[in-house]
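Colleague: Could you put the whole structure together from the sequences, leaning on the hints where they help?
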Amino acid sequence: NAGVMQNPRHLVRRRGQEARLRCSPMKGHSHVYWYRQLPEEGLKFMVYLQKENIIDESGMPKERFSAEFPKEGPSILRIQQVVRGDSAAYFCASSPSVGLAGSPDNEQFFGPGTRLTVL
Amino acid sequence: AQSVTQLDSHVSVSEGTPVLLRCNYSSSYSPSLFWYVQHPNKGLQLLLKYTSAATLVKGINGFEAEFKKSETSFHLTKPSAHMSDAAEYFCVFGGFKTIFGAGTRLFVKA
Chain E
1433 NAGVMQNPRH
1443 LVRRRGQEAR
1453 LRCSPMKGHS
1463 HVYWYRQLPE
1473 EGLKFMVYLQ
1483 KENIIDESGM
1493 PKERFSAEFP
1503 KEGPSILRIQ
1513 QVVRGDSAAY
1523 FCASSPSVGL
1533 AGSPDNEQFF
1543 GPGTRLTVL
Chain H
13 AQSVTQLDSH
23 VSVSEGTPVL
33 LRCNYSSSYS
43 PSLFWYVQHP
53 NKGLQLLLKY
63 TSAATLVKGI
73 NGFEAEFKKS
83 ETSFHLTKPS
93 AHMSDAAEYF
103 CVFGGFKTIF
113 GAGTRLFVKA
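Those protein sequence lines, which keep their order, are chains E and H.
Residue numbers for the first sequence follow my numbering, beginning at 1433 and rising by one.
Residue numbers for the second sequence follow my numbering, beginning at 13 and rising by one.
FYI, nobody ran anything at the bench for these hints, they're computed from the structure.
Even for Gly, the Cβ is constructed at its ideal location relative to N, Cα and C.
Possibly wrong hints are sitting among the right ones.
Stated by the list, open to error - Chain E residues, not near chain H, derived (Cβ > 12 Å throughout):
| id | residue |
| --- | --- |
| 1 | R1454 |
| 2 | K1494 |
| 3 | Q1513 |
Said to hold, decoys possible - In silico contact screen, one side only, chain E against chain H (beta carbon under 8 Å); selected entries:
| id | residue |
| --- | --- |
| 4 | E1539 |
| 5 | Q1540 |
| 6 | G1545 |
Modeller: As structure tokens, this is what we get:
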């Protein structure tokens, strides 16, 4: 049973380019969460998605950032016109679809992260 | 509002001695609380979770945590540290919006 997969593991972009980060949840999981970890800091919640729906995007910057979780395929976190301050590790997590959506009992399983470096 | 506070940014112990990583929470309802570990350049791994069952929770790798409502605490302990325990540890408040503590970096000296 493969865990949460993220790719690429490392991504280098120049200022102004677009970054696309992919996350494939564990089999059977339909809840996906994105987090950002700045150097020497903890993880900060960005967005919570279910298939084809954004449930909570209160942690997403208002501009340049977007996320989707289509019916088929991985969840995508897109950062347009990247700036140096976007350099961070971006982690995706997934949780099972059983129980209440966003149930606090649902353990989140984390992927290995994508480390974005903006030059 | 819900919050979680890790009281120590860094903890250093000698191999074979006990480990104590402190976490306090604030919540208007009975929380679910988790401890995750992150090794360098790796993803996060769940150590243990509290979900209103037993207040003493046993996790992997010999770690355990005790939920104390009166102290609003969920401290992580291990009787004897191992070199492989050196990592970053996160106390996490589970809910509709997951809240991570700032993390505690554990150093283990030989």
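Colleague: Minimum Cβ distance from E/E1539 to chain H below 8 Å?
Modeller: holds (6 Å)
Colleague: Identify whether the interface hint at E/Q1540 stands, where standing means a beta carbon of chain H within less than 8 Å of its own.
Modeller: For E/Q1540, the interface hint holds, since the closest Cβ of chain H sits about 7 Å away, which is under 8 Å.
Colleague: Does E/K1494 sit more than 12 Å from chain H, CB to CB?
Modeller: holds (17 Å)
Colleague: Is the nearest Cβ of chain H still more than 12 Å from the Cβ of E/R1454?
Modeller: Non-interface label on E/R1454 holds, nearest chain H Cβ at 15 Å vs cutoff 12 Å.
Colleague: Take a quick look at E/Q1513 and tell me if its Cβ sits farther than 12 Å from every Cβ on chain H, holds or violated.
Modeller: Check passes; 27 Å lies beyond 12 Å.
Colleague: Double-check E/G1545 for me: the hint is only fine if its C-beta lies closer than 8 Å to a C-beta in chain H.
Modeller: At 6 Å from the nearest chain H Cβ, E/G1545 passes the 8 Å test, so the hint holds.
Violated hints for the displayed structure: none, as all numbered hints are satisfied.
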